[in-house]
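Once you've looked at the hints, dock chains S, E, F and V with the ligands against the given chain R.
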Amino acid sequence: MTDLSIARDSRPDVPRPTPPIRPEYERGVAATGAIGDVARPLSPWEKLANVTALRRALLLAVVAAVWQAAALWQDNPLMFPTVSATAAALWDAVLRDNLLSMAWVSLSILLKGYAIAVVLAIGLTTLAVSTRIGDDLLSTLTSMFNPLPAIALLPLAMLWFGLGAVSLTFVLVHAVLWPLALNTHAGFTAVSETLRMAGRNYGLRGPRYVLAVLIPAAFPAILTGLKVGWAFAWRTLIAAELVFGVSSGKGGLGWFIFQNRNELYTDKVFAGLASVILIGLLVENVVFRWIEAHTVRAWGMVR
Amino acid sequence: MTDLSIARDSRPDVPRPTPPIRPEYERGVAATGAIGDVARPLSPWEKLANVTALRRALLLAVVAAVWQAAALWQDNPLMFPTVSATAAALWDAVLRDNLLSMAWVSLSILLKGYAIAVVLAIGLTTLAVSTRIGDDLLSTLTSMFNPLPAIALLPLAMLWFGLGAVSLTFVLVHAVLWPLALNTHAGFTAVSETLRMAGRNYGLRGPRYVLAVLIPAAFPAILTGLKVGWAFAWRTLIAAELVFGVSSGKGGLGWFIFQNRNELYTDKVFAGLASVILIGLLVENVVFRWIEAHTVRAWGMVR
Amino acid sequence: MNALSRAAIDPSAIAYPVDNALPDAALHRPLLDVSGVTLQYKTRDHLVTACYRVDFQLFQAERFVLLGPSGCGKSSLLKAVGGFLAPVEGAIRLNGQAVTQPGPDRMMVFQEFDQLPPWKTVKQNVMFPLLASGKAKRREAEEKALAAIAKVNLSTFADAYPHTLSGGMKQRVAIARAMAMEPDILLMDEPFAALDALTRRKMQEELLQLWDDVRFTMLFVTHSIEEALVVGSRILVLSPHPGQVKAEVNCHGFDLSSTGSPAFQSAARRIHTMLFADEVEADGVGARS
Amino acid sequence: MNALSRAAIDPSAIAYPVDNALPDAALHRPLLDVSGVTLQYKTRDHLVTACYRVDFQLFQAERFVLLGPSGCGKSSLLKAVGGFLAPVEGAIRLNGQAVTQPGPDRMMVFQEFDQLPPWKTVKQNVMFPLLASGKAKRREAEEKALAAIAKVNLSTFADAYPHTLSGGMKQRVAIARAMAMEPDILLMDEPFAALDALTRRKMQEELLQLWDDVRFTMLFVTHSIEEALVVGSRILVLSPHPGQVKAEVNCHGFDLSSTGSPAFQSAARRIHTMLFADEVEADGVGARS
Amino acid sequence: AAEGTIRIAEQFGLGYLPLHVLRHQKLIEKHGKAQGIDVTVDWAQLSGGAAMNDALLSDSIDLGSAGVGPMLTIWDRTRGSANVKSIAALNSMPLFLTTTNPSVRTVKDFTDKDKIALPAVKVGVQARILQIAAEQAFGEGRFDALDKLTVSLPHPDGTAALLSGSAEITGHISAPPFQYQQLQDPKIHKVFSSYDVLGGPHTFNLIWCKEAFRAKNPKTYKAFLDALKEAVAIINTDPEAAADAYLAQNKGDLDRAFVLSLLRDPDIQYTVAPQKIERFAAFMHKVGAIKNKPASWKDTFFEDLHGETGS
Ligand SMILES: Nc1ncnc2c1ncn2[C@@H]1O[C@H](COP(=O)(O)OP(=O)(O)OP(=O)(O)O)[C@@H](O)[C@H]1O
Ligand SMILES: Nc1ncnc2c1ncn2[C@@H]1O[C@H](COP(=O)(O)OP(=O)(O)OP(=O)(O)O)[C@@H](O)[C@H]1O
Ligand SMILES: [Mg+2]
Ligand SMILES: [Mg+2]
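Residue numbers (our numbering), protein chains in the order written: chain R, 1 to 303; chain S, 1 to 303; chain E, 1 to 289; chain F, 1 to 289; chain V, 1 to 311.
Calculated directly from the structure, the hints in this document are not laboratory data. Just so it is clear, CB atoms sit at the ideal spot from N, CA and C, and this is done for glycine as well. Mixed in with the good hints there might be a few duds.
[Stated by the list, open to error] With a Cα cut of at most 25 angstroms, we get these calculated BS3-like pairs of lysine-lysine:
id : chain 1 : residue 1 : chain 2 : residue 2
1  : F       : K144      : E       : K120
2  : V       : K26       : V       : K216
3  : S       : K47       : E       : K120
4  : F       : K137      : F       : K120
5  : V       : K298      : V       : K216
6  : V       : K298      : V       : K108
7  : F       : K42       : R       : K47
8  : V       : K298      : V       : K286
9  : V       : K26       : V       : K219
10 : E       : K144      : E       : K120
11 : F       : K120      : E       : K42
12 : V       : K148      : V       : K113
[What the hints assert, rightly or not] Partial list, computed: chain V residues near chain R (C-beta under 7 angstroms):
id : residue
13 : T73
14 : R77
15 : A145
16 : V287
[As the list claims (entries may be wrong)] Residues from chain V that face chain S, not an exhaustive set, calculated with beta carbons under 7 angstroms:
id : residue
17 : T40
18 : D54
19 : S58
20 : Q136
21 : P156
22 : A160
23 : L163
24 : G199
25 : A257
26 : S261
27 : F283
Bound-form chain R, shown alone (with noise of 0.2 angstroms):
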């Protein structure tokens, strides 16, 4: 044990404060029972910033004016219509070109991919993480599949599939499959050592483990995965629709706009491009901030 005073001495042109010597006290100690909520009152101004809903429009409006001044300087309508010339598009084609039984037929093909091709990625990174050789496939085969554009498979979905929906399906899965894995992938591998021997005390293994265990600790990389998926569900679907999409007279929103863009009708491909943002920013403002507050952000594991 070292002697203090040596220490001391060894300093001596510091200067050394020392607090003063105060009276001690006790108190008593009031009931807390009804503690509400103490928070200081925001002004009506931090109240509206508050609302994430308002911002957000806020935003978007300030992105359509971008663009509608943009459109209005370049003034080349047949390269880039206005914000209003594409609204007006969008309602007229809503109106009479059944825009949204299009966007329907899309929605619902999608839907159908992304469904299967979440239960193949979960099954698939199930085996990547219960066996080596099953983390060996998943990688080569993602290392493989991935960088590979939907129409490399067009040949191959024809030959196996034929044309039509369930041709458009395969290459749906592909799209979302591969992303998907990666990202629930590296989500399991992430899960911290503790919760896993946890989870495995509790004698859990295989795909009740997955299930149990490593699926909700992993659930923020999972979601990332999903939108992700999501996205790319729609760039693959709305490339392939030119392809596949049309082959018994419904076609979905892709083909809607490979049609008008052959005959030039670039408001019409701006308002299909736009349904497809708007059930974008429908679908992650509600469907996927729903997920969120109700998983991840409700157990603390996002900020």
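Structure of chains S, E, F and V with the ligands alone, referenced to chain R:
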């Protein structure tokens, strides 16, 4: 404090094992300076199974064998050539069609777009974690633009950047930016509160804080984003090259695929795709594995 | 109510209360047999030996304490018994069977605060192992969980998520979770380290009470000599890193009421000397293999 | 070498060693002024009050201890002083300025084990705040880091990554990190809870030694009354959840050598009674607002 | 672009042979010299009419080449603004409807089990020709009778599907050379040629630009037009040289004899004068694909060729 004897009497029916009383002992402690690796030696078979490269090579061989068998069984070389035909076409394309230099053209554009997207994604997410409006901006922009296919940006890209590499780069940035930003942002928000506080305790703020704390702490998620982004850069590049075609005589892999598809050289089309796959495997198993081994794995952040 | 005010009891006068003793065979076959166990971690550029040729036996209903300086491999040993870590040398046998994997027969309380699944409320957390291991149906599990939560004084927080709890509260949930399981073997890694004196004492009481009811076998890690004497019936003293067995000491004679007694004090002093004899000269706690 | 063997000293005979006293003004303006501070957490469906109208002052070079039962808001108070948590009521002033954000003038040792950036080795971890705050250049930081690491007996683990350390070792790295910074104010949240008796004593010694060299101001959270008496110069006793001030007690008279003395024992008993008086009747540690 | 540079986009296929020839033989440069300017030519390859029009409208290229449909579309949409018009036609070629279904002799024989592949359902040239044929077969106004059988597939994929007989594709309308490759297979036969449907040879591909380009670069424009005319002349007089140019441009190892046989096919004609544009435009106007109906083919052409006899 509960009286143990009462509790004891209250459950007289349960057998109450009592441990034996054993002698105490003391022991000398051996010098342990030179304890080496006392692991049991592995059998040669186990050793082989431990070589990841070997296991993955085997897996690739299996995939190739399945492909070959399926192709032979389908017997439809116009739609689904065999591995051997593809390999021959690949070899031929390397020797006579300058496949390597085409791959290089694609790769260099891809790397440029990728790099720009990474910088933008980091910037955008830094903004998103620093300010609430930045968060709204990222979330809104991502949900708006992520679902848009590259083809939708084509007219705009041409309008702003003309035909050629710049437009391709723009489309690539679009492909990589959003998923990467999504992953990075999710990673940032999942950083543990304690680590955040530790970082801020050092007086780190703004970009320094992001760079020194958030990025390494969220690195597993960022790495996933980089992998997904890499894959989608390829998907997009190949699809976009088909549409943009070539200007000034320098085509990439996508163009090679398109050209050969037009001339019904399906084996060469597959050779083009195979080179995408090979590059994917190489990047995954060399570049990303190396990064992983020296970061998240060394840090014990993933298993 | 508190130990300081209790009268001292001569520990040598206390023996096990033998009421419904089991047949001899069960008594004389150890439940858990750890023999010559060396544990190592391989990191990228180092090989760390956590403990070296450790042997000890646990008989049924023993409260066995691992005591040793920080980093001597206590947690590692516990993990090995839990089935999470395979020994590179030696063997761990449970009822004569080598331990190869974890299981709900050996409930573990970990040292880390992040052992509670964050997606489950306090109550769900306590119910989780009961349901997962099939030990109880939902209704029964809920009852047991609420009882255990009450024991650790967290009833008002039954529906709170772990991230809203303080460090000590989290540890108490983990303790409740393990106690609700009434397991055959309870593995506890410094469960009371984050608790204040009173809460700690209450937890110790509850634990001993439960032991007396259920007579589980317990392997308990602590760094507090006093706690070892109170909670344990036998103490294994480990040397500093890499941990080796230094001694085994009986302490079934002490309970919560003995802490003030001279016998207790002298036992504490004896173990203290045992543990830290080398340190006085070497003044170093860690040494790397 | 160990406290048990030391002779008892009358605490009333010990006063601050006043050698180079500062001018009066600095002495009589508190460095840190916490007045009427209420801390609350809003969760999705609850509002949790962590502590209620807490006041205390810290003068320069004081070693101020927060003592209270688990969940009474000690960590929350420390976080508020650290600038991580804004009070919903009352104010925290540092040198007369309201605390609004964290800073390297108030180095914090957290209660959780995951406070070490996992991507930095032990040495890098200790150097990190020195470099980040610009307090030292690389060379100097390395020297200071190695010295601090040696003080916490982890020299052999200087190049190990945190995930390869035991719980107690991680806490020691955090302590080294804070001590290497030689900050004006040191905020420590149960830093020694995961340490065995000897290591803990050594850490306490090092901390007091450093204090004597640097004369930083310290706000220290512990749940051990003995530790509070040894480490602190003044103790704030908090009531159970939600924490309110019960008393302030002086203890500058005790140091590491006094633990055996009757004065120490009686001070410990006094605080014990203060802390747990209500519990005896209520037998409940937590109550939710 | 300043006078002296010209950016031309071409596509794959025999239809663009005049462009291949003038590129291969550097005819634009040659005719530029005759005008007294040094012309630098930037060549780009794009993959379809829509991309072509996008590139043209965004000023990424000066001259775009594709089928009749895209030309009429952009002419219609830019009337009164950019005023895109044709410079010249490139060729007249027949488009065949081919099928693997032996029971199909006329378009009336297709049943719901059949699928007809074409590059763009409802909007492409191929789709228009099928619509005209359907109207002829099923009666006035019933032009969309077969649309429900059609499937969008790029030429190569459609061809592969038809040749391999494995997908449910039984019919295909593509373009040379795919349709000729298909007909070499004995299982595949021709249902109609577009020449029968439209009543004679018709223009398939054209090349066009904005009015502003022609106005600002009269010399370059003239150099191009002269070069094109010379290229067409070369093709018609020296097929061997044309075939070499084609093979050089398309690098692939297509059979030279096959190319030559196509060049010698009387159905395949290379001429700068348009044929049956008016018939086509009238149909597109009728079905609402274009809003303006050209009174004569001359409305859609710059006046340089107004002296030719077109239709
Ligand atoms: N995952 C790991 N990888 C590498 N080394 C490790 C790992 N976990 C522990 N160690 C090393 O093993 C030794 C023993 O660690 P262990 O956690 O068992 O100690 P402990 O006795 O529980 O200490 P404490 O009382 O501080 O918790 C330490 O030297 C530590 O560095
Ligand atoms: N992030 C949070 N969200 C909601 N409530 C919280 C949060 N952190 C702490 N609390 C609540 O605040 C109260 C005080 O917590 P705090 O961590 O300050 O206690 P403590 O005195 O440090 O306890 P311990 O000694 O167990 O660490 C507790 O009731 C706890 O439930
Ligand atoms: Mg431990
Ligand atoms: Mg705390």
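query = Minimum Cβ distance from L163 of chain V to chain S below 7 angstroms?
reply = At 6 angstroms from the nearest chain S Cβ, L163 of chain V passes the 7 angstroms test, so the hint holds.
Straight-line alpha-carbon gap K298 of chain V to K286 of chain V, limit 25 angstroms = Holds, because 19 angstroms separates the two Cα atoms, which is no more than 25 angstroms.
inquiry  = Just to be careful: measuring from the Cβ of Q136 of chain V to every Cβ in chain S, is the smallest value less than 7 angstroms?
reply    = Violated, about 31 angstroms.
inquiry  = Min Cβ distance, G199 of chain V to chain S: is it shorter than 7 angstroms?
reply    = Violated, because the Cβ-Cβ distance from G199 of chain V to chain S comes to roughly 30 angstroms (cut-off 7 angstroms).
query = Does the CB of F283 of chain V sit less than 7 angstroms away from some CB of chain S?
reply = 27 angstroms, violated
request  = Closer than 7 angstroms between Cβ atoms is the bar; does D54 of chain V clear it against chain S? Give me holds or violated.
outcome  = With Cβ-Cβ at 5 angstroms, under 7 angstroms, it holds.
request  = Please work out if K120 of chain F and K42 of chain E have their alpha carbons no farther apart than 25 angstroms.
outcome  = Within the cut-off at roughly 18 angstroms; holds.
query = Once the shortest beta carbon distance from P156 of chain V to chain S is found, is it less than 7 angstroms?
reply = With a closest approach of 5 angstroms, the P156 of chain V hint holds.
ask   = Can the hint on S261 of chain V be confirmed by a CB-to-CB distance to chain S that is less than 7 angstroms?
value = 17 angstroms, violated
message = Against the 25 angstroms threshold, does the CA-CA distance of K148 of chain V and K113 of chain V hold or violate the hint?
response = 11 angstroms, holds
Satisfaction of hint between K47 of chain R and K42 of chain F, Cα-Cα up to 25 angstroms = Measuring from Cα to Cα gives roughly 16 angstroms; hence the hint holds.
ask   = Does K298 of chain V pair with K108 of chain V here, judged by a C-alpha cut-off of 25 angstroms?
value = 35 angstroms, violated
Against the hints set out earlier in the document, violations occur for numbers 1, 3, 6, 15, 16, 17, 20, 24, 25, 26, 27.
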